[in-house]
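Numbering (my numbering) for the sequence shown: 132 to 195.
Possibly wrong hints are sitting among the right ones.
Stated by the list, open to error - Listed next, with one range per pair, are the computed distances between beta-carbon atoms:
{"#": "1", "residue 1": "Glu189", "residue 2": "Glu134", "range": "30 to 36 Å"}
{"#": "2", "residue 1": "Phe179", "residue 2": "Glu134", "range": "27 to 33 Å"}
{"#": "3", "residue 1": "Thr170", "residue 2": "Arg140", "range": "16 to 22 Å"}
{"#": "4", "residue 1": "Arg190", "residue 2": "Leu163", "range": "18 to 24 Å"}
{"#": "5", "residue 1": "Val188", "residue 2": "Glu138", "range": "34 to 40 Å"}
{"#": "6", "residue 1": "Glu134", "residue 2": "Arg172", "range": "27 to 33 Å"}
Unchecked claim - Capping the alpha-carbon separation at 25 Å, the derived lysine to any residue pairs in SDA-like fashion look like this:
{"#": "7", "residue 1": "Lys150", "residue 2": "Ser167"}
{"#": "8", "residue 1": "Lys142", "residue 2": "Cys159"}
{"#": "9", "residue 1": "Lys158", "residue 2": "Leu192"}
{"#": "10", "residue 1": "Lys158", "residue 2": "Phe179"}
{"#": "11", "residue 1": "Lys158", "residue 2": "Pro171"}
{"#": "12", "residue 1": "Lys158", "residue 2": "His177"}
Keep in mind that the hints were calculated from the coordinates and are not lab data. Don't be surprised by glycine CBs; every beta carbon is placed ideally from N, CA and C.
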Amino acid sequence: MLEVARERRIKTIGFTGEKGRQSMAPKCDLCLVVPSADTPRVQEVHEFVWHVICGVVERALFLE
């Protein structure tokens, strides 16, 4: 899917852990790599970041 997005010039943001760094990061415009191979820790960080992104979007859309 990332290859298709790149072919279509669609910007991509990847979320991965240490295990996906080599395979995913080069295919993304921006890649958040959590420096851990422990899946639960990686998921916790990703969930936190998603909540931050949602908060920023909500403020931009509804409070300004």
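- Query: Should the hint that Glu189 and Glu134 are 30 to 36 Å apart at their CB atoms be regarded as holding?
  - Reply: Between Glu189 and Glu134, where Cβ atoms are some 32 Å apart, the hint holds.
- Message: I want to verify a distance hint. Is the separation of the beta carbons of Val188 and Glu138 within 34 to 40 Å?
- Response: violated, 27 Å
- Satisfaction of hint between Cys159 and Lys142, Cα-Cα up to 25 Å: Between Lys142 and Cys159 the Cα gap is close to 8 Å, so the pair holds against 25 Å.
- Hey, Lys158 versus Leu192, does the alpha-carbon distance stay inside 25 Å? This hinted pair is violated, its Cα atoms lying about 30 Å apart.
- At the C-beta level, are Arg190 and Leu163 separated by a distance inside 18 to 24 Å? holds, 20 Å
- Task: For the pair supplied as a hint, Lys158 and Phe179, confirm whether the alpha-carbon distance does not exceed 25 Å.
- Result: holds, 23 Å
- Message: Between the alpha carbons of Lys158 and His177, is the straight-line distance 25 Å or under?
- Response: holds, 19 Å
- Message: Lys150 and Ser167 were given as a pair; does the straight-line alpha-carbon distance stay at or below 25 Å?
- Response: holds, 8 Å
- Task: Look at the Cβ atoms of Glu134 and Arg172 and judge whether their distance stays inside 27 to 33 Å.
- Result: Holds - the Cβ-Cβ distance for Glu134 and Arg172, about 28 Å, lies within 27 to 33 Å.
- Does the Cβ distance between Phe179 and Glu134 fall inside 27 to 33 Å? holds, 28 Å
- Message: Against the range 16 to 22 Å, how does the distance between the Cβ atoms of Thr170 and Arg140 compare: consistent or not?
- Response: Since the Cβ atoms of Thr170 and Arg140 sit about 32 Å apart, the hinted range of 16 to 22 Å is violated.
- Hinted pair Lys158 and Pro171, Cα distance within 25 Å: holds, 24 Å
Figure legend: structure checked against the earlier numbered hints; hints not met, in rising order: 3, 5 and 9.
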